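*Asks:* Take a look at the letters that make up each chain.
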Amino acid sequence: MPKKALPAEPSFEQLYTELEATIEQLEAGNLSLDDALRLYERGMELARQCSQMLDRAELRIQELAPAVSPNEALEQELELMEDEDEE
Amino acid sequence: MQQLSPCAPKILHVSELTAHLRRTIESDAVLSDVWVQGEIANTSRYASGHLYFTLKDEAATMSCVMWKGQVARLRRLPREGEAVYAHGHVSVYDARGQVQLYVDAIEFLGAGALWQEFEQLKQRLANEGLFDESRKRPLPRFPRRIGIVTSRSGAVLQDIRHILERRYPLPQVFLASTAVQGADAPAQIVAALAAVQRVPNLDVIILARGGGSIEDLWAFNDERVARAICAARVPVVCGVGHETDFTIADFCADVRAPTPTAAAQFCTPDQNELRANLLLFERRLQRCIRDALREARRRLNQDAAALYRASPQALVQNRRQRVDELSRHAARLLQRRLEQQRARLGAADRQLYVLNPLETLGRGYAIVTRDETVITDPAQVARDDALQVRVRGGKFMTRVT
Chain W
1 MPKKALPAEP SFEQLYTELE ATIEQLEAGN LSLDDALRLY ERGMELARQC SQMLDRAELR
61 IQELAPAVSP NEALEQELEL MEDEDEE
Chain Y
1 MQQLSPCAPK ILHVSELTAH LRRTIESDAV LSDVWVQGEI ANTSRYASGH LYFTLKDEAA
61 TMSCVMWKGQ VARLRRLPRE GEAVYAHGHV SVYDARGQVQ LYVDAIEFLG AGALWQEFEQ
121 LKQRLANEGL FDESRKRPLP RFPRRIGIVT SRSGAVLQDI RHILERRYPL PQVFLASTAV
181 QGADAPAQIV AALAAVQRVP NLDVIILARG GGSIEDLWAF NDERVARAIC AARVPVVCGV
241 GHETDFTIAD FCADVRAPTP TAAAQFCTPD QNELRANLLL FERRLQRCIR DALREARRRL
301 NQDAAALYRA SPQALVQNRR QRVDELSRHA ARLLQRRLEQ QRARLGAADR QLYVLNPLET
361 LGRGYAIVTR DETVITDPAQ VARDDALQVR VRGGKFMTRV T
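As you go down the protein sequences, you meet chains W and Y in turn. In terms of my numbering, the first sequence has 8 at position 8, counting the first letter as 1, and numbering is strictly consecutive. In terms of my numbering, the second sequence has 187 at position 187, counting the first letter as 1, and numbering is strictly consecutive.
Pulled out of the complex, with its shape left as it was, chain W reads as follows:
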């Protein structure tokens, strides 16, 4: 199944891994004060966003319709793609 382009809103994974990278950069040192401040602010913002995503998450289990015809399958797939765009 081909992977689609990522939706506009970043995923938890993107936020979290960027946060890890930001801290690594800061801890490596050799930064101007301007850069260090910039990274610090970005890092704190990322951490806040991650926290917020966890707080807001609500689990929803969606049951797929059983044994579908090719047309129904296509319809289902289109619906799911729309859901993704709305994120």
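Accuracy of the hints is not assured; some may be wrong.
Stated by the list, open to error - Incomplete in silico selection of chain W near chain Y, CB under 7 Å: (1) Ser11; (2) Phe12; (3) Ile23; (4) Glu24; (5) Leu33; (6) Ala36; (7) Tyr40; (8) Gly43; (9) Ala47; (10) Cys50; (11) Asp55; (12) Leu59; (13) Gln62.
What the hints assert, rightly or not - Not close to chain W: a few residues of chain Y, all C-beta gaps over 12 Å, as computed: (14) His162; (15) Ser327; (16) Ala331.
Unchecked claim - To spell it out: a stretch of chain Y is covered by chain W in this simulated footprint if at least three of its residues, at any positions, have a beta carbon under 8 Å from a beta carbon of chain W; those stretches are: (17) 194-208; (18) 263-277; (19) 288-302; (20) 367-374.
Hints are computed from structural coordinates only; laboratory data are not their basis. Computed from a predicted structure; not experimentally measured. Yeah, the Cβ is synthetic: ideal placement off N, Cα and C, and Gly gets one too.
Could you slot chain Y onto chain W? The hints should help.
*Replies:* Same frame as chain W, now just chain Y:
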């Protein structure tokens, strides 16, 4: 009942005969709960769902019937000519006067044969390389879409739901429900795996079933299910049965979990851990920025000091200080010189004083001269010489006698 003569036996109606037969048989302990070994023949399944067949060996046959409720519990239908163990009770079907075995359970040669089948299939698939470690894919760290293939009813789905809610409720979760045991299960499982893979950008599939006997889990040893798992385009985590149960599905899966609950855990990070990490990250950020500020301040002070040292103001102060030092030094030198001179003068003075003829005169000494020659020796004078005598107060003449 009609008695023909006092010595004639009792005459029974047919139904009384069959009833008597049935009572006799049903009161027999062995016949009420019996395992029979035999070969299956003449199976027929009626629309009603009941199964009729005969069990036979070389010398005898027994009619058998199995009600549909019990048939449904079989993992598969018995095959013609197959040797089986059948359990049930014997009774009489009055309408035909037929003794029958009413079967409630069938074991297909017992579990031993099942294990053989299992081993053979496992070996065959292993030889094809379907279990190879290199085929196994890593699980995503933060799945966004999770597919679940399991039964809609039962505790397994609820257990998985609870785990996901507690640990990581972020992902979208899709359920493709399926039967997880019985003859129909393998085909349904394959269809459910296909259905869940139609979800775009699915990250991982959980295939799950609760605990049970080898017969209960048999669908997960089915070759069709095994191949469907191997062909999945997304990592499959298989959690079937209890910890000690290993099915072929487990070997094919990318990750084998000991239980359905564990399968859900393997797929997800724990949000408590994530939150703790986020706190740690914040602390590290703060420590870094504190250090950076401290370093910047230190450098600033260093630069300020260096700047000051190089400034005109500093230079002038330096020079001024130097001038002061030098003038103090010069003054000290001058002072010393003066003192030295004074000392020398003093010394000279004292010498002069000692050597001063006038001082000598002062002490009562006289200077005697004759014609301006100083007399220092009596030999220098003769009688009647006129001598000049100079004393402190003046001079006078004297004659040598």
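*Asks:* State for each hint whether it applies.
*Replies:* Okay, the hints, checked on the actual structure:
no., hint, in the structure
1, Ser11, "6 Å, holds"
2, Phe12, "5 Å, holds"
3, Ile23, "5 Å, holds"
4, Glu24, "10 Å, violated"
5, Leu33, "5 Å, holds"
6, Ala36, "4 Å, holds"
7, Tyr40, "4 Å, holds"
8, Gly43, "4 Å, holds"
9, Ala47, "5 Å, holds"
10, Cys50, "6 Å, holds"
11, Asp55, "9 Å, violated"
12, Leu59, "4 Å, holds"
13, Gln62, "5 Å, holds"
14, His162, "10 Å, violated"
15, Ser327, "47 Å, holds"
16, Ala331, "52 Å, holds"
17, 194-208, "holds (count 8)"
18, 263-277, "holds (count 3)"
19, 288-302, "holds (count 5)"
20, 367-374, "violated (count 0)"
In this structure, the earlier hints numbered 4, 11, 14, 20 are contradicted, and the remaining ones agree with it.
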